[in-house]
Amino acid sequence: MNKITVHCTVNHKPVAVEIDPNKRLLDMLREDLNLTSVKEGCSEGECGACTVIFNGEPVTSCCVLAGQAEGADIITLEGVSVDGKPDVVQQAFMDAGAVQCGFCTPGMILTAEALLAKNPAPTEEEVKQAMSGNLCRCTGYAKIVEAVLLAAERARGGV
Amino acid sequence: MKPFDFYAPTTVDEALELMHKYQDSVSVIAGGTDLVLELNEYKATPAVVIDLKKIKELNYIRVEDGVFRIGAMATHASLAADQAVKEKVRILHDATRQVGSPQIRNLGTIGGNIAQSSVAGDGLAACVTLNADVTLRSVRGTRTMSINDFLAGEGAQKRNILAADELLTEISFPVPDTKHTATAFYKLAKRKSLAISVIGGGMVVTVDDNGVCTHASMRGGALGRYPMHFADCEALLVGKKLSYAAMLETLPIMHDQILEANRSRPWSVFYKKEGAQGVFKKLFADILGQLGIEEVQE
Ligand SMILES: Cc1cc2nc3c(=O)[nH]c(=O)nc-3n(C[C@H](O)[C@H](O)[C@H](O)COP(=O)(O)OP(=O)(O)OC[C@H]3O[C@@H](n4cnc5c(N)ncnc54)[C@H](O)[C@@H]3O)c2cc1C
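Protein sequences, first through last, are from chains A and B. For what it's worth, my numbering labels the leading residue of the first sequence as 1, then goes sequentially. For what it's worth, my numbering labels the leading residue of the second sequence as 160, then goes sequentially.
Think of the hints as simulated: they come from the structure by calculation, not from any bench. A portion of the hints provided could be inaccurate.
As the list claims (entries may be wrong) - A short, non-exhaustive set of chain B residues, derived as facing chain A with CB atoms under 7 Å:
no. : residue
1   : 160
2   : 162
3   : 163
4   : 165
5   : 169
6   : 184
7   : 191
8   : 195
9   : 196
10  : 197
11  : 210
12  : 212
13  : 260
14  : 262
15  : 353
16  : 355
Said to hold, decoys possible - Which stretches of chain A does chain B cover? Using the computed rule of at least three CB atoms under 8 Å from a CB of chain B, they are:
no. : stretch
17  : 21-30
18  : 61-72
19  : 143-151
As the list claims (entries may be wrong) - Under the rule of at most 25 Å between Cα atoms (straight-line distance), these lysine to aspartate or glutamate pairs were calculated in the DMTMM-like manner:
no. : chain 1 : residue 1 : chain 2 : residue 2
20  : B       : 215       : A       : 73
21  : B       : 400       : B       : 453
22  : B       : 215       : A       : 146
23  : B       : 213       : A       : 57
24  : B       : 351       : A       : 20
25  : A       : 118       : B       : 246
26  : A       : 128       : A       : 46
27  : B       : 213       : A       : 44
28  : B       : 180       : A       : 20
29  : B       : 180       : A       : 46
30  : A       : 23        : B       : 246
31  : B       : 161       : A       : 57
Note that beta-carbon positions come from the ideal geometry of N, C-alpha and C, so glycine has one too.
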């Protein structure tokens, strides 16, 4: 097996990672780039804990090979905060009490970020649709939806 | 995952050369939503993986001379968002917008869905109902065939006729004349999101200016190894004036066909036959509404 070098942008910085091609994007981010906010849940694309923003869209990084990230723009939770301070979505998750055990939270926040970047004023139904690929086994969905709506409102200058 | 070498060609020709060179030891990867899981679980153990994502010429949705042409690398998300598909091909819109989850739709491609030829493939069921053509390319040349011929399986594992060094490049079908033709897809599953189809029903109906049915296509995904073909139901509709009552008359035949096909799995029959009838009643109502023939209240 020949190693490959993956050139991509991770959290706004260009990186070049020399890696075995039989690794997933999930493994590259966690093991090679030490971005441990990216969680491995089901490893089958079902739970959404490993969600990252890939060229602007949420994807499950357990379904992507590291080599497929060549040239991509990737955002993990580490790339969301501003100067080490929580951004509007993170703050809304805290304020709405949308975090229980926390394992699904990075994926939830990234999916919400991708949604709000495209649709700054989503309806509750649109939020539920957008978040339908992220599972929370503490079953705290009501507050998660509330948090995303709150973030949207604050980002638009309300509250 | 077993170790493999990784290539990311940027043209179809380059990919075909590599596939030809490595033959059976190659897996091509599109969205990866089936393949990466198989690699991770050692169910697929290729020596070489060829990524199709960098091949721009495989990613398009366009209408040309009255024909929809869809590149194999078009994602479920891009199909679900496409305005022409939404207006003209409801069956494909409704099938792709319900695949997996937003994350899976952003990755998964129509080509991967068809090449995987899973019993529960929703994009596959929609394309089979449309009787779409698929185009396959290899270093030997190009062949285009009906998706029904493509699905002629050889053996337990092999569900389609793709050769080891052959790429599925395009799905095509005539643009439906929505004044006379309606298409619909209904997915019966255990949840709204992240659920495999228990039944993925597809229907295409064409009527003439007098409302008489001139063509019908009825398929049930996940009912058998391939989307089940309700040929006798179709035959009953053709030549009749289309109405809800006429459509309901097909259900006893459908019932018998599902019963017959599932004899070896009797435990699933009761649920599947009831489910299929419910799915098709929804499809009938949808089709009749689209054609402006009848409003059906369930
Ligand atoms: C959580 C989850 C939920 C899902 N839900 C659904 C669902 O609701 N409905 C549904 O239908 N499917 C579902 N799937 C299955 C899968 O997402 C789809 O089948 C998807 O369309 C596969 O496309 P892909 O691009 O990801 O294929 P890949 O995984 O990249 O490839 C699949 C297979 O096809 C081959 N292949 C891919 N492209 C080509 C090509 N152009 N030419 C030749 N061979 C090719 C590959 O070698 C591989 O064998 C789900 C999967 C997951 C993980």
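**Message:** Hint by hint, where does the structure go against what was stated? Just the numbers, ascending.
**Reply:** Violated: hints 5, 6, 10, 16, 19, 22, 24, 29, 30, 31.
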